[in-house]
Each structure stands twice: as structure tokens, then as C-alpha cells.
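A.B. asks: Take a look at the letters that make up each chain.
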Amino acid sequence: MLYDLTDEQRMLQETVRRIAKEQIEPGAAERDAKAEFPWDVVQVFRDNGLFACDFKEAYGGAEMGVLALCLAVEEVAKVCAGSSLVLLVHELGSMPILLGGSHEQKERWLPGLAAGEKLVAFGLTEPGAGSDVGGIRTRAIKKGDKYIINGTKQFISHADVADYICVACVTDPEAKPHKGGLSIIVVEKGTPGLSIGKHEDKLGIRASSTCEVILEDCEVPAANLLGSEGDGFHILMKTLDFTRPCVASQAVGIAQGALDVAVAYARERQQFGQAIITFQGLNWMLADMDTQVEAARQLVYKTCSVFEDVPKDLSKVPREAIRLSAMSKLFAAETAMKVTTDAVQILGGYGYVKEYPVERMMRDAKITQIYEGTSQIQKVVIASCL
Amino acid sequence: MNIVVCIKQVPDTETQIKIASDGKSIETDDIKWVMNPYDEFGVEEALVLQKEKGAEVTVVGAGPQRVTEALRTALAMGADKAVLIEDDDFYGADPITVAKVLAKAIEPLNPDIIFFGQRAVDDDSGVVGSAVAEFLDMPQLSVVTKVEVGDGTVQAHRPVEGATLVLESTLPCVITAQKGLNEPRYASLPGIMKAKKKPLEVISLADLGVERDDKLEIVALNPPPERAPGKQVEGETGQEIAINLVKLLREEAKVI
Ligand SMILES: Cc1cc2nc3c(=O)[nH]c(=O)nc-3n(C[C@H](O)[C@H](O)[C@H](O)COP(=O)(O)OP(=O)(O)OC[C@H]3O[C@@H](n4cnc5c(N)ncnc54)[C@H](O)[C@@H]3O)c2cc1C
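Listed in order, the protein sequences are those of chains Y and R. FYI, in this note's numbering the residues of the first sequence are 1 to 386. FYI, in this note's numbering the residues of the second sequence are 1 to 256.
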């Protein structure tokens, strides 16, 4: 096995690195301050075909795979974590369709998503259902050729801008959630009964929107059900198995971005008559940070390479893939939090103020330990694989 | 219409350059190599003509195998095919030699326009485009910021001290690109996937029947002087600080 990136992956990495530096980095501080959805970034991704990364050619994709997508996410997250969510949430929201959608459903939804003309969101979390998917109360009742959906979703990224939301609902209250009780239904924007509630004011990733989604007697064609009734739990879990490495690569990107700033600063900053990077107490910190980031990156790439061979359908995910997926997310998120915190330390007072980007990166890093399964939940998953 | 764009692979401007132990070349081990930024303008202009005039775009590079990366990038941007003149010892060759080799490789491609960057950002010699025009006996329009191709002719703009010189020439010709000519596109994702399937011909100096006969030699490479640390202007009051600043500017910096 060739233990390296392919020529295409490397070229993609180089290209996105440049796009990120030239088109995305300049607005990063402003996006954070204004907390407005980054439509300019969406356009940059559209122009360069980046949404197409992990979609099949047959549906307008570039079929470059999940590692390629992660490389792109990492490069964007290096300069602007909020903007990287545009790619992350796109993958997260599309994945249930990729996994559970019929050919007709894929033909209907995927080409617009692959082009980035349409955006998509993933509606799992509820006020009573965070780590515990079993707490889902949103109810879908079938009536003729329609589902009537009632419920509230919490913290749904980009629900306000999405054309489609994959909503997790209870279709069989008698069955246990993981034994056929849940289903995923695609709710299209503008469906009567669908409304967006509160927008959250957040610590980090402020360019990304996080909203409440309210479904009130929301009538959706039964044809929008993904897979069969009861497939919901499996689709949700497999979706997260696939997308956790993407969050992990976001964490690696944030960490690398902070490390780069810290190294450059430590070379320039003089105290006691010398550059602070010459102090061993400081450069050992940098050495640790660099080692942790590289270790996290290798774990993510390895995980991705395993996922390249996991079919995007309703088949079972190999335990090894689940284990790696959880480990990469756990380790990368913890690394991002530690490395960004240390980067602030290395910049001293300048690290704490908005003149330098590391305080933003530290705020951005925190979410990677929380969404798509908290660090604690990743440990639950890893332990279950032992 | 056939368009050729010559591409040099140069160290990324952000790479830290170290001088090798021979004192006349650079250490190439840890360098990130990229397409010469001025050549990107040439590629972009060629791709515009590819779309407008249905031109076929061939990119040509010379050097070790790594130059393939720069050529593939051009293919991923949209060029149709590439030619690599592979030679491990070519980096740093006499620009006239480079021009001779390129002219030989380009001639059979029957180009209507040959684009170059106006110079390469590594050695700044700015000779190759002009020399290729000489060897191929073509007119050259150098350092241009606008190109308009007509029927067998081309018009180009060259900025001169704020004024614009408008040049006109018959085809075929050589054009060297200046910043401002266009905004080069990025390699697109579908472009990256297609790049590998596009033809990339590898030839050697022997295939071209050229022998190296460099007349110019780099004898020494000196690093830029180390930047002196900044200086804080002393003084209790604004007035004092201003006086000291003027003093420093006059006596130390010698700028006023
Ligand atoms: C900015 C943002 C964006 C989001 N985007 C989306 C989205 O697009 N779609 C979506 O569906 N959701 C989204 N979420 C929701 C997110 O996935 C949840 O917040 C997360 O899964 C945690 O759920 P919770 O907040 O309810 O915390 P809880 O589950 O209540 O957890 C509280 C604490 O208890 C710990 N805990 C819980 N169970 C265990 C256990 N078994 N063992 C040990 N510790 C445990 C947790 O680790 C955590 O520390 C988003 C959240 C945020 C903040």
C-alpha cells in the first residue's frame, strides 16, 4: 500500500490552501465579528467545484472521496473554521441521502447539492435528545401518501439557509429507537408547517448559523422517506461514522492554523534580548503542539482511507471503521483545544486580543469537542469496540 | 489555433531559501515548488483563447521530474496537453540554453502564440521569452497587460510609466505576460480529476538533438543582508520623540 496522498489529493490540497489564503482568510475576523452566514465563501466553493468532492460522478460529483473532502476542510479550517462548516454541514446533510436514498431520490436531490446550488442540513438533535438519540420525540405519522411531522429540533447548523433538511423522526413509537422506531425524512424548504426558530449566539464558529427548527403539522410527501421506515437509527449512526473524520479534519485544520501563527510569532517576538522561540520552555511547547497535530492528522487520514472502502449504502459499517472514526474525532478535537489554548499562551497578551487570530481559533476549537458526538460519547463508542 | 505556454517551476515565494554549500546554488531539498506566478497569467490568457477561439493549449516545461507538478497544475486549470523536457540538471541553466531547448521543443507544435511570464521570480533574468522569439524568428510583445487576438494579428498593451503602449503584430508571435493581464483561475476539482488523463509527453535533450553549451555561469549567490532589529525612538514628550526621530532618519537611516 502506498502510504501517501495521491497526486490528485495533493493538488486539491494545494489548490484549496491557496483559495483559503487568498479568498477566505482575509474575511475571517470580520465573519467572526458579524456572525453572518458566509455566502461569499459558498460562492467560492461553487466556483471551484468544491461541493462536488464526495459525490458520485453519476450525480454530478467529482468522486474524489472522503479523504479529499477532509483535505479541503482542513485547509479551510486553518484560516476560518466557521467557513469550513459550509463543507462539513454539506457532507453531514447529504450523507443520509447518499446512504439511504433511492436512485430516484438521488437523481432528484444530489446534482443540485454536488454543484452547491442547493444547501442541506441535518436535523437530529432535540431539546431532549443530544447525546442520547433515543430521546427523539419528533413524530411523523403517515397519512395516505404523506407524513405529518410534529416536533422541534435544536442546534441545527445552517437550517435557515438549507434547501433540504434531513429530519430524524419517530415513525413507530412502539419500537425502540435503535430497533426500527426512527426514520429519516427529507423536508424541503418552504414546506408549510416548517419554520426556523431561535438563532443561537455562539462562542465560536460564529459565521455558521445554528437554529431551532419547528415542525408543526408539516406535511411531507411519503416519497421523501429515506430507505424504509425504521432505517433511521442506522442511517444516523452511519452518517456520523462517515462525517466524524470530517469534523476531526476541521479540528486538525484549526490546530495547524493556530500552530502556524504561534511559530511565526515566537520567531519574531523579542524578550530578554532574544526571540522567544529560543527559550526551551517555549519551543518544547511548540514541539509538543506540532507532534500532536501531526499525530491527529495521521489518524484522520488513516481513518479516511479506511472509509474510502466503506460502501455508501445501508450495509453495516465494519467495527474497525467505527473505532477509527471515533478515535480520530476524539483525538483531533482534544488536540485542537489544547493546541489553540497553548497558541494563545505563546502569544501572551497579544494572543488574548482580537488583533491576532488565535483567540478566535481557541473559541472555534471548542465546538469540535461537542458536536457530532461529544468527546465523552466518542469514548463510549471506542470502549464499545474494545 | 495553437497556443503554447512555457512554464517554469520556481520555489514558492514563501519558502525560506537557503544557499547551498557550493555558494552558488540554493538548497532544493525542502523547497515547495510552484508554477512561476507570471506564467500563470500566460496560462489564463491561453485558456481564455481556448474558449473564445477554440484554441488548443499546450504547456511546455523543462527540468527534473518534479516539473510535472507545475504542468499538471496547468492541465488541471484547463490546458489540453503538456510536454516535459526532462533533465535532472536543468535548474539554473543559462537562460539562452533554456531558450534554445524550448524553441526546439516548441517548433513542431506549430504555435500561433507562445506565452511566457515576463520573468521568473527565482532568478529574475527575464531573457527566455525574448530569446525564444529570436530563435524562432518571431515578433515578440513583451511585458503586456492586455491581449486581443484578431484575424492573424494580435494587439497588446504594455504599461510604460503610467502610459500605455499599444503594440500590434502578426501571428505567430511571442507574448510575455505582466501582472494585471488577468486573474488566473484556480485548478478546479473536476479539472484536477481530468488532469491525469490528459497527455503529458516526456522528452529528453537528446530527443531534441540539443547539447548543453552554457555560456553564462552563476559564480556566487549572496544572501540578502540580515534585517537589523527595530529601534524604539526615545523621548519623554512628543516633541522630544519627534526630534530624535528626525535625527535618526537623518543620521542613521540617511533618508532625509
Ligand atoms: C454549534 C452547534 C452546531 C450543531 N449542529 C448540529 C446539527 O447540524 N445537527 C444536529 O442534529 N445537531 C447539531 N448540534 C447538536 C450537537 O450535536 C449536540 O449538542 C451534542 O451532540 C451534545 O448534545 P447536548 O448538547 O444535548 O448535550 P448532552 O447530551 O446533554 O450532554 C451534556 C454532557 O453530558 C455528557 N454525556 C452525555 N451522555 C454521556 C454518557 N453516556 N457518558 C458520559 N458523558 C455523557 C456529554 O459529553 C456532555 O458533556 C450542534 C450543536 C452546536 C452547539
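For the record, the hints were derived by calculation from the structure and aren't laboratory data. Hints are not guaranteed to be accurate.
[Said to hold, decoys possible] In silico PhoX-like links for lysine-lysine, alpha-carbon gap of 20 angstroms or less:
hint	chain 1	residue 1	chain 2	residue 2
1	Y	K56	R	K81
2	Y	K354	Y	K21
3	R	K81	R	K197
4	Y	K21	R	K146
5	R	K51	Y	K56
[To be verified] A partial selection of chain R residues facing chain Y, derived with a Cβ cut-off under 10 angstroms:
hint	residue
6	A76
7	F90
8	M193
Quantities reported herein were computed from a predicted structural model and do not represent experimental measurements. Ideal Cβ positions, reconstructed from N, Cα and C, are used throughout, including at glycine.
A.B. asks: Need the status of pair K51/R, K56/Y: alpha-carbon distance at most 20 angstroms?
C.D. replies: This hinted pair is violated, its Cα atoms lying about 27 angstroms apart.
A.B. asks: Mind checking the alpha carbons of K21/Y and K146/R for me, to see if they're no more than 20 angstroms apart?
C.D. replies: Since the Cα atoms of K21/Y and K146/R sit roughly 27 angstroms apart, the hinted pair is violated (cutoff 20 angstroms).
A.B. asks: Is the hinted pair K354/Y and K21/Y satisfied, with a Cα-Cα distance of at most 20 angstroms?
C.D. replies: holds (19 angstroms)
A.B. asks: Holds or violated: is the Cβ of M193/R closer than 10 angstroms to a Cβ in chain Y?
C.D. replies: Given a least distance of 5 angstroms, the restraint on M193/R holds.
A.B. asks: Would the hint linking K56/Y and K81/R be met if the CA-CA limit is 20 angstroms?
C.D. replies: Violated: K56/Y and K81/R sit about 26 angstroms apart, past 20 angstroms.
A.B. asks: Holds or violated: F90/R as interface residue toward chain Y, Cβ cutoff 10 angstroms?
C.D. replies: violated (22 angstroms)
A.B. asks: Can the hint on A76/R be confirmed by a CB-to-CB distance to chain Y that is less than 10 angstroms?
C.D. replies: holds (6 angstroms)
A.B. asks: Holds or violated: K81/R and K197/R, Cα atoms, limit 20 angstroms.
C.D. replies: holds (10 angstroms)
When each numbered hint is compared with the structure, violations occur for hints 1, 4, 5 and 7.
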